[in-house]
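Starting from the known structure of chain P, fit chain U onto it as the hints suggest.
Taken in order, these protein sequences are the chains called P and U.
Numbered according to this note's numbering, the first sequence spans residues 450 to 866.
Numbered according to this note's numbering, the second sequence spans residues 450 to 866.
Keep in mind that the hints were calculated from the coordinates and are not lab data.
Bear in mind that the values here come from a model prediction, so they are computed numbers and not experimental data.
Some clues are possibly wrong.
Unchecked claim - Here are the simulated BS3-like pairs of lysine-lysine, each with C-alpha atoms no more than 30 Å apart in a straight line:
id, chain 1, residue 1, chain 2, residue 2
1, P, 455, U, 770
2, P, 564, P, 538
3, P, 564, U, 481
4, P, 481, U, 770
5, P, 564, U, 455
6, P, 481, P, 683
7, U, 564, P, 455
8, U, 455, P, 683
9, P, 685, U, 683
10, P, 455, P, 481
11, P, 813, P, 793
This is what each chain is made of:
Number of protein chains: 2
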Amino acid sequence: MTDRQKLRIGLFGYGVVGQGLHDVLNSSCGFKADIVRICVKDPSKKRRIPMEHFTFNKYDILDDESVNLIVELINDPVAAYEIVTEAMKRGKNVVSANKTMIASHFRELVELQEKYNVSFLYEASAGASIPIIRNLEEYYDNELLHSLRGILNGSTNYILTKMHNGNIPFQQALSEAIELGFAESDPTLDIDGWDAKYKLCIITGHAYGLFLDPDEVFHYGIRNISRFDIRYAKEKGLKIKLVPFVGKTDDNTITSFVLPRFISPEKYLYNVDNEYNGVITEAAFADKQFFCGKGAGGHATGSAVLSDISANSYGYRYEYKKFRQGIVTDYTRDYKIEIYLRYKNDADRELFKFAEISEQFTSKTWNYVIGVVNLRNLYELREQLPSMDVFIINTGRRDLNNVDPPLAGRAATEGFI
Amino acid sequence: MTDRQKLRIGLFGYGVVGQGLHDVLNSSCGFKADIVRICVKDPSKKRRIPMEHFTFNKYDILDDESVNLIVELINDPVAAYEIVTEAMKRGKNVVSANKTMIASHFRELVELQEKYNVSFLYEASAGASIPIIRNLEEYYDNELLHSLRGILNGSTNYILTKMHNGNIPFQQALSEAIELGFAESDPTLDIDGWDAKYKLCIITGHAYGLFLDPDEVFHYGIRNISRFDIRYAKEKGLKIKLVPFVGKTDDNTITSFVLPRFISPEKYLYNVDNEYNGVITEAAFADKQFFCGKGAGGHATGSAVLSDISANSYGYRYEYKKFRQGIVTDYTRDYKIEIYLRYKNDADRELFKFAEISEQFTSKTWNYVIGVVNLRNLYELREQLPSMDVFIINTGRRDLNNVDPPLAGRAATEGFI
Numbered sequence: 450m451t452d453r454q455k456l457r458i459g460l461f462g463y464g465v466v467g468q469g470l471h472d473v474l475n476s477s478c479g480f481k482a483d484i485v486r487i488c489v490k491d492p493s494k495k496r497r498i499p500m501e502h503f504t505f506n507k508y509d510i511l512d513d514e515s516v517n518l519i520v521e522l523i524n525d526p527v528a529a530y531e532i533v534t535e536a537m538k539r540g541k542n543v544v545s546a547n548k549t550m551i552a553s554h555f556r557e558l559v560e561l562q563e564k565y566n567v568s569f570l571y572e573a574s575a576g577a578s579i580p581i582i583r584n585l586e587e588y589y590d591n592e593l594l595h596s597l598r599g600i601l602n603g604s605t606n607y608i609l610t611k612m613h614n615g616n617i618p619f620q621q622a623l624s625e626a627i628e629l630g631f632a633e634s635d636p637t638l639d640i641d642g643w644d645a646k647y648k649l650c651i652i653t654g655h656a657y658g659l660f661l662d663p664d665e666v667f668h669y670g671i672r673n674i675s676r677f678d679i680r681y682a683k684e685k686g687l688k689i690k691l692v693p694f695v696g697k698t699d700d701n702t703i704t705s706f707v708l709p710r711f712i713s714p715e716k717y718l719y720n721v722d723n724e725y726n727g728v729i730t731e732a733a734f735a736d737k738q739f740f741c742g743k744g745a746g747g748h749a750t751g752s753a754v755l756s757d758i759s760a761n762s763y764g765y766r767y768e769y770k771k772f773r774q775g776i777v778t779d780y781t782r783d784y785k786i787e788i789y790l791r792y793k794n795d796a797d798r799e800l801f802k803f804a805e806i807s808e809q810f811t812s813k814t815w816n817y818v819i820g821v822v823n824l825r826n827l828y829e830l831r832e833q834l835p836s837m838d839v840f841i842i843n844t845g846r847r848d849l850n851n852v853d854p855p856l857a858g859r860a861a862t863e864g865f866i
Numbered sequence: 450m451t452d453r454q455k456l457r458i459g460l461f462g463y464g465v466v467g468q469g470l471h472d473v474l475n476s477s478c479g480f481k482a483d484i485v486r487i488c489v490k491d492p493s494k495k496r497r498i499p500m501e502h503f504t505f506n507k508y509d510i511l512d513d514e515s516v517n518l519i520v521e522l523i524n525d526p527v528a529a530y531e532i533v534t535e536a537m538k539r540g541k542n543v544v545s546a547n548k549t550m551i552a553s554h555f556r557e558l559v560e561l562q563e564k565y566n567v568s569f570l571y572e573a574s575a576g577a578s579i580p581i582i583r584n585l586e587e588y589y590d591n592e593l594l595h596s597l598r599g600i601l602n603g604s605t606n607y608i609l610t611k612m613h614n615g616n617i618p619f620q621q622a623l624s625e626a627i628e629l630g631f632a633e634s635d636p637t638l639d640i641d642g643w644d645a646k647y648k649l650c651i652i653t654g655h656a657y658g659l660f661l662d663p664d665e666v667f668h669y670g671i672r673n674i675s676r677f678d679i680r681y682a683k684e685k686g687l688k689i690k691l692v693p694f695v696g697k698t699d700d701n702t703i704t705s706f707v708l709p710r711f712i713s714p715e716k717y718l719y720n721v722d723n724e725y726n727g728v729i730t731e732a733a734f735a736d737k738q739f740f741c742g743k744g745a746g747g748h749a750t751g752s753a754v755l756s757d758i759s760a761n762s763y764g765y766r767y768e769y770k771k772f773r774q775g776i777v778t779d780y781t782r783d784y785k786i787e788i789y790l791r792y793k794n795d796a797d798r799e800l801f802k803f804a805e806i807s808e809q810f811t812s813k814t815w816n817y818v819i820g821v822v823n824l825r826n827l828y829e830l831r832e833q834l835p836s837m838d839v840f841i842i843n844t845g846r847r848d849l850n851n852v853d854p855p856l857a858g859r860a861a862t863e864g865f866i
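Chain P extracted, bound-state conformation (with noise of 0.2 Å):
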């Protein structure tokens, strides 16, 4: 057996995610860490546990000693990033769930780790309870991977969900949302889709080794979605989904963006509800695999967070082993997309430059044309998208771009994933 070193954390932020690792941590069997002492920011909140476990300045923990693994469970990414790196450059392991500092930092996080050899581990930060990092490093780190789409925002999907089933407006299902936890009190974040394409840029260092610059990748959310999409989704026997995407486009290229998108019933994707993620990866041998979990929540991503914990006390390190094959080296935005959209005036409709159009409806409150546009003029147009009034969904047709061979079998399963 490896011997498994003792390890005393120092623990950033006691929020949700903080104290559901404290939690997880108290049942968990499988080992004893002492969290030595919690850094928070807020001295007037009360805390559910006595304050001497509390401290307000962070080298309280950085110039600890004994202090041999930092846990960042923070919001603010600046912060988040300033603890991170200096913990780093002290030699600490670190474990973090921020998945806006890491997209953001995510090139610069990997050489540090080379460069103080130091472990940085951060499940949670994609997918939160998906070990969908861990699998792609590890278990498909020979695959010959297609794509990978999925589920990554439990709040979107939270209120894509109630919007779905309830038939109300956004606004009410996403205050519900915040009122749930499901969702920050600032949920831009999550609703314009920054969230999921933070949590693609990572997942997409793991499955192709690229370190996207989050500004490169196109995302658009589901600020704008009205009642009339989902009515024309509910009438085709269809969901709305907000899923991210990375694929390849030949042997040493990807592109990648986030777009809702129409899921039909026999898809899995379909019944990935409420705060529930779900990924779907397509590759060339284990040909297409599903993995699906709770995206949000406390327990939930403590318990990766607790995973990470652990695997850091057998020394684990991610090896960033397709970023060492450097096969994939190229990125594109040259890609055709089938998209609904639902737009007020032929102007704004214009400003999309649609190749081709297979349906198109006119009324006196609104109207829609499905066609194909190339996803580099939805990039250019990223700015103005969300104050539009138009609402973009992904078909999901998957015949536009010579790309995506068929999978081995899939003539026998096509339709289950």
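Just chain U now, with coordinates in the frame of chain P:
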């Protein structure tokens, strides 16, 4: 980075999986491993690669000092046991996919790994392409696992899918499965539930740390399923799947069994059709998780074998963490199950000692009863069952035993998984 060991592989068996592995290995961009030699049984059989790659004497490989990894992919469990144990005794690491052999000698094989300080990996032996063992071992090593259930046998699932969709009799569906290579020419292992049970026993070792004697575990297959049973299920909007189950009955005790089970449309297993496998874990903090992927086929299984080979090159070993924790110590068959029993003679029905009956139906052609039986009684009937003119299906009622405590958030998510 960890140094990767250069692998020189001695391969036993060149059937569907062996050839699948060969394809996967040749197309893997991850790393190159040399297959030094392939040992096969039948000298007369025509092979798709030159004969100089083959040998018919296992010692040409076992005694080859230059071979540092044995990959065992033959059908015969007795010969497989000899190859694997002789390899370990020679200090060679081993990868195997032979569930019958592993389940039958589980404890001894674990001890041999320690004794001879070798690594023995067998992800492909349970769930084929689904990385369930690795995830139980690594990712859930600290989770309080309530239960695990799923579809682990591709052949029976293919047969059940065909019977449900095509409304064809069992024998015809079976013949199709054999033609397509989803079932062995001797399908006993699959259709009587042995295969699913062996996989369940292997999973149990990593989920709870108990290495069960397969003879202690009740299993019942689909050999006696009739179109009446399928019709009954369809009338109720249900599907019938062969579902192995293992779960806690108290902190230190588990139970397990293999039974056909009714699955309703909102459950994930409902869409796990054809040769696909699916596994559902329920844990205290990660809550419910679902993994789905191909459960048969040379390439899907080959990709799992390759993943073990790759892990091997990084020096990976199973830690058997749950076994070392030693929390689960007992196994019980005192467990209530509600079953649908289709029968002809009241005498047969009496044998089941129903404790409680909720529905019964009699007609000229067939009768059924739905009620609660004890797993103990089913186990006592295990020898007669296959020859009796009855069929048993687990209704999946969860409230019979005071276990499976409600999970965090189940209220919000009940039904999805």
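To see whether the hints hold, each was checked on the structure:
1. Taken as a hint, the residue 455(P) and residue 770(U) pair is honoured in the structure, with Cα atoms around 16 Å apart against an allowance of 30 Å.
2. Proximity of residue 564(P) to residue 538(P) is assessed by CA-CA distance (about 9 Å); at most 30 Å being required, the pair is judged to hold.
3. Between the alpha carbons of residue 564(P) and residue 481(U) the distance comes to roughly 28 Å, so the proposed pair stays at or under 30 Å and holds.
4. Between residue 481(P) and residue 770(U) the CA atoms are separated by roughly 14 Å; this keeps the pair inside 30 Å, and the hint holds.
5. Pair hint residue 564(P) plus residue 455(U) holds up; C-alpha atoms about 26 Å apart against a cutoff of 30 Å.
6. Annotation: proposed proximity of residue 481(P) to residue 683(P) is violated, straight-line Cα distance about 49 Å (limit 30 Å).
7. Note on residue 564(U) and residue 455(P): the hinted pairing holds, with a Cα-Cα distance of about 26 Å set against a maximum of 30 Å.
8. For the suggested pair residue 455(U) and residue 683(P), the alpha carbons sit about 55 Å apart, so the restraint of at most 30 Å is broken.
9. Proximity of residue 685(P) to residue 683(U) is assessed by CA-CA distance (about 25 Å); at most 30 Å being required, the pair is judged to hold.
10. Between residue 455(P) and residue 481(P) the alpha-carbon distance is near 8 Å, which keeps this suggested pair within the 30 Å criterion.
11. Restraint check for residue 813(P) and residue 793(P): the C-alpha separation of about 9 Å stays at or below 30 Å, so the hint holds.
The structure is inconsistent with the numbered hints 6, 8, although it conforms to all the rest.
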